[in-house]
Amino acid sequence: MTCEETALLLHALIDDELDAGHVHAVEDHVTDCPRCAGRLRDYRRVRHALATPAMRYAAPADLRARIESALPAPRAAASTSRRSLLKGFAAGGMMSAALAASLVVVVVRQEAGQRVLGDAVSAHLRALRGDHLIDVASTDQHTVKPWFNGKIDVAPPVVDLTPQGFTLVGGRLDYLDGRPVATIVYKRREHVIDLFVAPADAQAAASPRGTMEALQGFNVWRWGFSDLSFVAVSDLNTEEFRDFVNRIEAAVQNGA
Amino acid sequence: MRPTAFPRHGAVHRPAAALAAGDEADRARRFRDAALPHLDDVYTVARYMMRSAADADDAVQECYLRAFRHFDGFRGEAIKPWLLAILRNVCQAEFARRAGRVVVGGDADAADDATPLWHEETCTAESELLRREDAERLRGLVAALPDPFREAIVLRDIEDLPYRDIARVTGAPIGTVMSRIARARSMLRAAWLKSDDDPECCEPHQETCK
Numbered sequence: 001m002t003c004e005e006t007a008l009l010l011h012a013l014i015d016d017e018l019d020a021g022h023v024h025a026v027e028d029h030v031t032d033c034p035r036c037a038g039r040l041r042d043y044r045r046v047r048h049a050l051a052t053p054a055m056r057y058a059a060p061a062d063l064r065a066r067i068e069s070a071l072p073a074p075r076a077a078a079s080t081s082r083r084s085l086l087k088g089f090a091a092g093g094m095m096s097a098a099l100a101a102s103l104v105v106v107v108v109r110q111e112a113g114q115r116v117l118g119d120a121v122s123a124h125l126r127a128l129r130g131d132h133l134i135d136v137a138s139t140d141q142h143t144v145k146p147w148f149n150g151k152i153d154v155a156p157p158v159v160d161l162t163p164q165g166f167t168l169v170g171g172r173l174d175y176l177d178g179r180p181v182a183t184i185v186y187k188r189r190e191h192v193i194d195l196f197v198a199p200a201d202a203q204a205a206a207s208p209r210g211t212m213e214a215l216q217g218f219n220v221w222r223w224g225f226s227d228l229s230f231v232a233v234s235d236l237n238t239e240e241f242r243d244f245v246n247r248i249e250a251a252v253q254n255g256a
Numbered sequence: 001m002r003p004t005a006f007p008r009h010g011a012v013h014r015p016a017a018a019l020a021a022g023d024e025a026d027r028a029r030r031f032r033d034a035a036l037p038h039l040d041d042v043y044t045v046a047r048y049m050m051r052s053a054a055d056a057d058d059a060v061q062e063c064y065l066r067a068f069r070h071f072d073g074f075r076g077e078a079i080k081p082w083l084l085a086i087l088r089n090v091c092q093a094e095f096a097r098r099a100g101r102v103v104v105g106g107d108a109d110a111a112d113d114a115t116p117l118w119h120e121e122t123c124t125a126e127s128e129l130l131r132r133e134d135a136e137r138l139r140g141l142v143a144a145l146p147d148p149f150r151e152a153i154v155l156r157d158i159e160d161l162p163y164r165d166i167a168r169v170t171g172a173p174i175g176t177v178m179s180r181i182a183r184a185r186s187m188l189r190a191a192w193l194k195s196d197d198d199p200e201c202c203e204p205h206q207e208t209c210k
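Residue numbers (the working numbering), protein chains in the order written: chain Z, 1 to 256; chain H, 1 to 210.
If you are wondering where the hints come from, they were derived from the structure by calculation, not from laboratory data.
Some clues are possibly wrong.
Here's a subset of chain Z near chain H, in silico, CB distances under 7 Å, partners left out [unchecked claim]:
1. R47
2. A49
3. M55
4. L63
5. R66
6. A70
Per label pair, the in silico range of CB-to-CB distance [as the list claims (entries may be wrong)]:
7. T176/H to A251/Z: 50 to 58 Å
8. P60/Z to G73/H: 23 to 31 Å
9. H191/Z to T176/H: 34 to 42 Å
10. Y175/Z to P146/H: 47 to 55 Å
Think of the CB as a built atom: it goes at the ideal place given N, C-alpha and C, for glycine as much as any other residue.
Chain Z on its own, in the form it takes in the complex (with noise of 0.2 Å):
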């Protein structure tokens, strides 16, 4: 492979769109050539100075308003349906790959855990907007625990971390997957962080180490424990929530 065919592939290799044949390619001929292994090195540093969040802006909280006042206002009290919901969610992943004709092979990524992380960011989404945010308020674990008795099948661990910034709220009930599960809110700063915590299911199970991704603008975490499972979400900044879902796991994992 020449500089000249491997110019434009180097940028595909850096965003993760080559075929694994191109790869090798590629890779072999960058081993080989200083000029092109300089370039690959440069490129990767502005596309990493680039993705940091300092280059994002937030919208200005009025712009924010303004669409919402523009919008019809919701119903008082409506019985939401989760399905319709859910579509929006669900189909994220599956986009028509029709556009990828090309030499690039287009990663299409499928998260068998997408259904469920969809579903808590949906739940998250409704209690956020004031649906619903806590069947039992209380910062006190031993009020919130036994709030689940009987509600559900599993003992939620409820883990006070308010000495480490990160208040208990309260607690209530969600479905994920069309499953009750145990939601364990608590606040940082303003940021609402949901834990949701389940009978453990088989793609928890294949995530012991836990996996962290974001989600519709969200940070959504995952978990398996014993024979929980575990899903949190906030829109909190993701150094701060690996804080909180590093002291969740930790106290779990010390039988909280």
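We have chain Z already, so just place chain H on it with the hints.
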């Protein structure tokens, strides 16, 4: 005001009207749930495309109103590229309108009232390469890129869209998307090198090849 000669008419239409209002509220709720989580994404792209906070505001508001009007035509594909494609139409229409008149000066000072998503606590090993002043400099370099290249690189590196979504949003073939990304990174690299006094980052390489 309608004449009231046919009171039964009104009585018949009332439940239908109530139902329609309910549907509309339901539609608005589904739209809110699906589209509003992407507001920061859409706004970020608008800021880079319009190069000013006020113009980005207007474009995003128009984008969301259009998106809501056409929400029935949205058939469950990923909503972020769909929203960004609408935003693109809004921006293009504005560019076309401006092309009809002479624009004096720029919006160069508009970055001052930016609300960057910058938190000191997120400055970790991953992101410490890019200090705050670097981000400001880099934003300036991105803003200086010509439209098609700026658009491609913002969608790829800042919004993290895969090539096929960028192709959908911009209506360009994937090959074109690739070459625009390559051009944009190449221009950014050159501009960065030119403005850089830190030899550790992006040092020039000899232009030789075996």
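Structure-based check of all given hints:
1. R47: holds (5 Å)
2. A49: holds (5 Å)
3. M55: OK, holds: M55/Z within 7 Å of chain H, min 5 Å.
4. L63: Check passed: Cβ of L63/Z comes within 5 Å of chain H, closer than 7 Å.
5. R66: At about 6 Å, which falls below the 7 Å cut-off, the nearest Cβ of chain H leaves the hint on R66/Z intact, so it holds.
6. A70: holds (6 Å)
7. T176/H to A251/Z: 50 to 58 Å: holds (51 Å)
8. P60/Z to G73/H: 23 to 31 Å: holds (28 Å)
9. H191/Z to T176/H: 34 to 42 Å: Distance hint for H191/Z, T176/H holds at roughly 40 Å.
10. Y175/Z to P146/H: 47 to 55 Å: holds (50 Å)
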